[in-house]
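Visitor: Please construct the entire structure, taking both the sequences and the accompanying hints into account.
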Amino acid sequence: MKTEATGRLASTEPRASSGTYHPLVELTLARLREFLREPEAIFWTFFFPIVMSVMMAIAFPAGAARPVRVAVERSSAAIEPSSATGARDTLKASLTAERHIVVRDIPPGDELRALRNGEVDLIVVASHPPTYRFDPTRDESRLARLVVDEALKRATGRPDPWQANDETIAIPGSRYVDWLLPGIIALGVMNNGLWSIAFVTVQARLKKLLKRLAASPMRKRDFLMAPIVARLVFLAPEVGIPLAFGALVLGTPIRGGLASLGIVAVLGALAFGSLGLLIASRVRTFEAINGLMNLATVPMWVLSGVFFSATNFPGWAQPVIQALPLTALVDAMRGVVLEGATLVDLRGELATLATWAVVPFAIALRIFRWR
Amino acid sequence: MSLAVNCRNLKKRYGDVVAVDGLSFSVSRGECFGLLGPNGAGKTTTIEILEGLLTPDDGEVDVLGLRWKTHEHELRQRLGIQLQETQFTDKLTVEETLRLFRSFYDRGPTVSDLLARVELEAKRRSWVVKLSGGQKQRLSIACALAGAPDLLFLDEPTTGLDPQSRRQLWSIMGRFRENGGTVLLTTHYMDEAQTLCDRVAIVNRGRVIAMDTPQALIASFGTPTRVVHEGTLEDVFMSLTGRQLRED
Numbered sequence: 007m008k009t010e011a012t013g014r015l016a017s018t019e020p021r022a023s024s025g026t027y028h029p030l031v032e033l034t035l036a037r038l039r040e041f042l043r044e045p046e047a048i049f050w051t052f053f054f055p056i057v058m059s060v061m062m063a064i065a066f067p068a069g070a071a072r073p074v075r076v077a078v079e080r081s082s083a084a085i086e087p088s089s090a091t092g093a094r095d096t097l098k099a100s101l102t103a104e105r106h107i108v109v110r111d112i113p114p115g116d117e118l119r120a121l122r123n124g125e126v127d128l129i130v131v132a133s134h135p136p137t138y139r140f141d142p143t144r145d146e147s148r149l150a151r152l153v154v155d156e157a158l159k160r161a162t163g164r165p166d167p168w169q170a171n172d173e174t175i176a177i178p179g180s181r182y183v184d185w186l187l188p189g190i191i192a193l194g195v196m197n198n199g200l201w202s203i204a205f206v207t208v209q210a211r212l213k214k215l216l217k218r219l220a221a222s223p224m225r226k227r228d229f230l231m232a233p234i235v236a237r238l239v240f241l242a243p244e245v246g247i248p249l250a251f252g253a254l255v256l257g258t259p260i261r262g263g264l265a266s267l268g269i270v271a272v273l274g275a276l277a278f279g280s281l282g283l284l285i286a287s288r289v290r291t292f293e294a295i296n297g298l299m300n301l302a303t304v305p306m307w308v309l310s311g312v313f314f315s316a317t318n319f320p321g322w323a324q325p326v327i328q329a330l331p332l333t334a335l336v337d338a339m340r341g342v343v344l345e346g347a348t349l350v351d352l353r354g355e356l357a358t359l360a361t362w363a364v365v366p367f368a369i370a371l372r373i374f375r376w377r
Numbered sequence: 189m190s191l192a193v194n195c196r197n198l199k200k201r202y203g204d205v206v207a208v209d210g211l212s213f214s215v216s217r218g219e220c221f222g223l224l225g226p227n228g229a230g231k232t233t234t235i236e237i238l239e240g241l242l243t244p245d246d247g248e249v250d251v252l253g254l255r256w257k258t259h260e261h262e263l264r265q266r267l268g269i270q271l272q273e274t275q276f277t278d279k280l281t282v283e284e285t286l287r288l289f290r291s292f293y294d295r296g297p298t299v300s301d302l303l304a305r306v307e308l309e310a311k312r313r314s315w316v317v318k319l320s321g322g323q324k325q326r327l328s329i330a331c332a333l334a335g336a337p338d339l340l341f342l343d344e345p346t347t348g349l350d351p352q353s354r355r356q357l358w359s360i361m362g363r364f365r366e367n368g369g370t371v372l373l374t375t376h377y378m379d380e381a382q383t384l385c386d387r388v389a390i391v392n393r394g395r396v397i398a399m400d401t402p403q404a405l406i407a408s409f410g411t412p413t414r415v416v417h418e419g420t421l422e423d424v425f426m427s428l429t430g431r432q433l434r435e436d
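Line by line, the protein sequences are chains Y and L.
The numbering of the first sequence is this note's numbering, which starts it at 7 and goes up by one.
The numbering of the second sequence is this note's numbering, which starts it at 189 and goes up by one.
Simulated from the structure, these hints should not be mistaken for lab results.
Be aware that a few hints might be false.
To be verified - Quick look at which bits of chain Y chain L covers, simulated, 3 or more residues with Cβ under 8 Å: (1) 40 to 49; (2) 52 to 58; (3) 205 to 218.
Small disclaimer: the values here were computed from a predicted structure and weren't measured.
Idealized CB from N, CA, C, for every residue including glycine.
Guide: Here it is, written out as structure tokens:
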């Protein structure tokens, strides 16, 4: 039987001379080519982080302390309208003179709306003594009240018992924007990882390409690993661009080693690639994959501490929150970038990410639907 | 072992629907065997069981003398499979698609050789999305030939193609057979079966209702009482399976 086969396959050659690489390499190359020929995908991967970074730079200009913003309202208690207007103008003038106070021109009657919208932090009513209208649960409003009160008392001639010595120093990396940047990068790693892999998988299933591949001797593991490997190729620009932007434009310090950062990013990409595969392992429609993807990502957007600290959630929820892959990636990224943490310091986060890289992949390999 | 395919008493049901109902046949090495039948007759289910993509509820399958359960990898290396409705990746070129499939096999022709066999050299660098129906189908055949298979499964290979493309596919299959390859195909086209197949099995409602060479089937059926022209295989087919349309 063998000789018969070999005899009539005289023109055939073993793989080494056929000019093709290992199946995993060929599958990865196919994935990369497909990606590079899809303009929208390139936009989302490379330009989205830049757009995001620019927006952050605009929202949080480097080096400037934000002044408190106030509205000045005429007192309704005054008997004569003209004297009320005069009192308001005097008060307005003394506040405008202060460096840390911005007086917003709000049309009369509109002050409460401006306060509600966050357009101003405080309403100063020009009564005698002045009345401050604000919500004490808002930190910036309480701060505005202190600054304004101090300024007005000084303007009316209150003697200061002493002049404190202010030592202002700039601590790089302590601003909100510095804290936000690693979180945004982690978010990008999550979104690109989940979406790129889940989308192509569902597409290949709809086109019956998965079934055709399953009919070939291709090893299933190679097929499932290829999109994850392909993801790693784009990881450097995906993480590097916003990071460089942060360092050069926003002045965010990068305290940890780039090698540590690379390892954290790679583990993160593996974890989300593997999760993406699991989410897409049996799905047959784009509607269903959209729903499942939102189900997986939306809780992490909120819980994982990208925009505000995950410690805001109660203690009983912490074990779950800390076990989420995005929490681990955000914490590890922040650790490396802001605190110069080493991989040993981050072993907990890295172990969590490694678990997410292995377990969903193993499950996906078992339950994957090829038709 | 001289049988390329030997299946006995295959059964497969989907819920209440019996797709394959005790089907048996065998295909010799070097033979071209056709499974004919209307939509819903169970042709695709049968061929997918033989391809190891579906597990039968009952019955036995030997392919190239091997069982799917014990020799899946070896069988996959030695079979060429073309499925209905496979869409290859739009934005890969013909050559890239072939390279990918060629990489799965331990042995086989070079990519250039494959391109030549299916006459797609001129389209080597074209994206799959830009190919005509016939060219896509030839690419699909080339992928099936990438491992120099002993046995080729073709599920409705010429459905939807113009006569020229069909004939081009026939000649590709002819060359494969000249080199000793075995072919098992399904088709709706009686002229195709008559031209290509050494033997055919006509399948209806999951059972084989006739099986022989096309000539013998025509001879056994072509009593010239109602048929004035010389009988064709199509006459046999229509009489056996009925003239009403089938919903798939």
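Visitor: Which numbered hints turn out to be false for this structure?
Guide: 2
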